[in-house]
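Engineer: Here is what each chain is made of, one letter per residue.
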Amino acid sequence: MDKIANAFKGKKANIGYIVAGYPSLEYSKEFLNLLDDSVLDIIEIGIPYSDPLADGKLIANAAFQACHNGVNTTKVFDMLKGVKTSKALVFLVYYNIILAYGEDKFLRQSLECGISGILVPDMPYEESCEFALKCQQYGISLIRLIAPTSTKRSKEILSGSSGFIYAVGSLGVTGGEQSSLDRLKDMIEFIKDNTNLPVAIGFGVKNASDVKKVKEYADGAIIGTKIVEITSKFDPQTAHQKIKELFE
Amino acid sequence: MNAKAYFGKYGGQFVPETVMSALNELEVAYEKIASSDEFKAELNELLRDYVGRPSPLYHAKRLSEHYGHDIYLKREDLNHTGAHKINNALAQALLAKKMGKKKVLAETGAGQHGVATATAAALLGLECDVYMGECDTKRQALNVYKMQLLGANVVPISDGLGTLKEATTAAIQAWVNEIETRFYVIGSAVGPHPYPKIVRDFQSIIGTEAKAQLDEKGVKADYIIACVGGGSNAIGIFSAFLDDLSVNIIGVEAAGLGIETKYHAATLTKGADGIIHGMKTIVLQDEFGMILPVHSISAGLDYPGVGPEHAHLQDIGRVSYYAVSDDECINALRLLSKLEGIIPAIESSHALAYLDKLCPTLQKRSNIVVNVSGRGDKDMHTIMDYKKGTIYG
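Sequence order for the protein chains is A and B. With the UniProt record's numbering, the residue at position 233 of the first sequence is 233, and numbering never jumps. With the UniProt record's numbering, the residue at position 85 of the second sequence is 85, and numbering never jumps.
Just so you know, these hints were derived from the structure itself, not from any lab. Computed from a predicted structure; not experimentally measured. Beta carbons: idealized from backbone N, C-alpha and C, even for Gly. Be a bit skeptical, because a hint or two may be false.
Okay, derived cross-link-like pairs now, PhoX-like style, lysine-lysine, Cα gap no bigger than 25 angstroms in a straight line [to be verified]:
#, chain 1, residue 1, chain 2, residue 2
1, B, Lys364, A, Lys152
2, B, Lys32, A, Lys152
3, B, Lys217, B, Lys364
4, A, Lys226, A, Lys244
5, B, Lys9, A, Lys105
6, A, Lys57, B, Lys103
7, A, Lys152, B, Lys197
8, A, Lys152, B, Lys4
9, A, Lys134, B, Lys4
Partial pick of chain A residues on the chain B-facing surface, computed with a CB cut under 8 angstroms [as the list claims (entries may be wrong)]:
#, residue
10, Lys11
11, Tyr27
12, Ser50
13, Leu53
14, His68
15, Gly160
One chain only, chain A, in its complex shape (with noise of 0.2 angstroms):
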């Protein structure tokens, strides 16, 4: 079984979301090894971009300052080859960081580095389906977003991703507030009627009370703002215990 299918198997998933290279590459590479014995189920990697649109401020300045440390895709393939976990990885990159590496020594390199899928937050389905058969043949889930206002296009989405679906919380970049219960609700029950894959919700989870309250009807809650200020606060070790916190 493969270590997505696995964070969900029998449990609600936790998921975390860091950048990387953010304070550095050594804490990022830090944080990693500690994974398994985190409470995180499923980390997303973060490769820090110029221009990320789907980001709030929090992420987006710590992408920026990594970046102005000098962070590339070439630096975070280096540093993942230094991490070992029997947790699942998976990419968190803007698709102009993927066209300028080239698609496929992109997706080879990650299944190298053990990176198990991937999500492209300013690459919607219509944009996806060339990418997507490639993931396919490197084996790498294209977990696909699906917003409340995905609607009518919902059912496209759902027919072609893989690995889980992220489910997003809040209308608005990371960082904001969560739609209401009810447009949640709504949204996760037609995705569960329309796929057997597990549902996360990202968007809007920051601490322990949204999290109970996303597990009562999705597979996996999603952290990331939060986390983002954790690791910029406490060093890995510490950091970890404080995520435990967020999740219990």
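Got chain A; can you put chain B on it based on the hints?
Structural biologist: Frame of chain A; chain B shown alone:
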């Protein structure tokens, strides 16, 4: 892939999933509302009585004498608010109102699109936020005050260099936050589909008028020249001439301190295929896809991307794109001011500056149309303080 969203291999919709519904809603509304006779009549009346269209096509006699060729100026600088931007901003704001939106937002570089959007919003009774890079709020302080006077809320953005790129990113992020209630009035022929097509269509009035005015004068254009940042004034005038292969079409970008330096905004000259602000186009970026800082004396051309149709027109060889420096641009601005009594915007002066390079190479007396996309009032401080080699932004 949605083939309608592309110009050759450029265009598309590279946006967060949350935005897709708004783009689809816009596409449907544009096809239904903007093509209706009622919308067209209302817009045409506003363009005539409020904007002051048609803008004249002026035969610049002293400039023609200077260059030894017949130079015609399409006077978009005479539009209400001082630039071509009002054509598109008014049309999009009217569309927003017809779609039932009560609030609009916009990004702006030189401030002309911000002023145009604030003007249209005031006229149509819409709330308006304008995102502007902090650096640009300083070099275009007069336009900031105008927007505020018109009732708009100007949001300064201090990220990065504090110029048009950062303002556009911030505007898109703000739009995502209110995706169901806000209409994003994009100021150039850029962004995700259907914006590049909508902006081109709304600006095509420049070319349509110019063509008719040339016919009226019994003149056949040999060259059409316009400046290119995002490229809305350029695509607006080019669109009417693209099918006539006897017309040479030239776009002029900002070379800043020179394209051999890192201080320029010559995207089509020096960029590579990439993604920026929701579109696949040519982008100034590093080998890892990070968008590079750009430089130009002109806040309106200070942009690391370009409209996808321009990228395509360069790709197929229909339009030639060149770049002129800050210094060449200022010289052209001074020349037109002295010879014709017209002070053009710094943006438009890039197009005028290319006459220096083109005219000496022409074998026979030619008819050249230059789009004077805006007037220079907003640029007085920049021009007064200009020193060769100054780094802006």
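Engineer: Given A:Tyr27 as an interface hint, is its Cβ closer than 8 angstroms to any Cβ of chain B?
Structural biologist: Not OK, violated: A:Tyr27 not within 8 angstroms of chain B, min 20 angstroms.
Engineer: Do the alpha carbons of B:Lys217 and B:Lys364 lie within 25 angstroms of each other, as the hint requires?
Structural biologist: Roughly 20 angstroms between the alpha carbons, so the hint for B:Lys217 and B:Lys364 holds.
Engineer: Given the proposed pairing of A:Lys152 with B:Lys4, does the C-alpha separation stay at or below 25 angstroms?
Structural biologist: 19 angstroms, holds
Engineer: If you draw a straight line from the CA of B:Lys9 to the CA of A:Lys105, is it 25 angstroms or shorter?
Structural biologist: 21 angstroms, holds
Engineer: Would you check whether A:Leu53 satisfies its interface hint, that is, whether its CB is within less than 8 angstroms of any CB in chain B?
Structural biologist: 5 angstroms, holds
Engineer: Less than 8 angstroms between beta-carbons is the criterion; does A:Lys11 satisfy it with respect to chain B?
Structural biologist: 27 angstroms, violated
Engineer: Would you check whether A:Gly160 satisfies its interface hint, that is, whether its CB is within less than 8 angstroms of any CB in chain B?
Structural biologist: 13 angstroms, violated
Engineer: Holds or violated: A:Lys152 with B:Lys197, Cα cutoff 25 angstroms?
Structural biologist: 24 angstroms, holds
Engineer: Given the proposed pairing of A:Lys134 with B:Lys4, does the C-alpha separation stay at or below 25 angstroms?
Structural biologist: 24 angstroms, holds
Engineer: Given the hinted pair B:Lys32 and A:Lys152, is their Cα-Cα distance within 25 angstroms?
Structural biologist: 19 angstroms, holds
Engineer: Compare the distance between the alpha carbons of A:Lys226 and A:Lys244 with 25 angstroms, and conclude whether the hinted pair is satisfied.
Structural biologist: 12 angstroms, holds
Engineer: With a cut-off of 25 angstroms on the C-alpha distance, tell me whether B:Lys364 and A:Lys152 pass.
Structural biologist: Violated, at roughly 59 angstroms.
In summary, the structure is inconsistent with hints 1, 10, 11, 14, 15 from the numbered list given earlier, while agreeing with the others.
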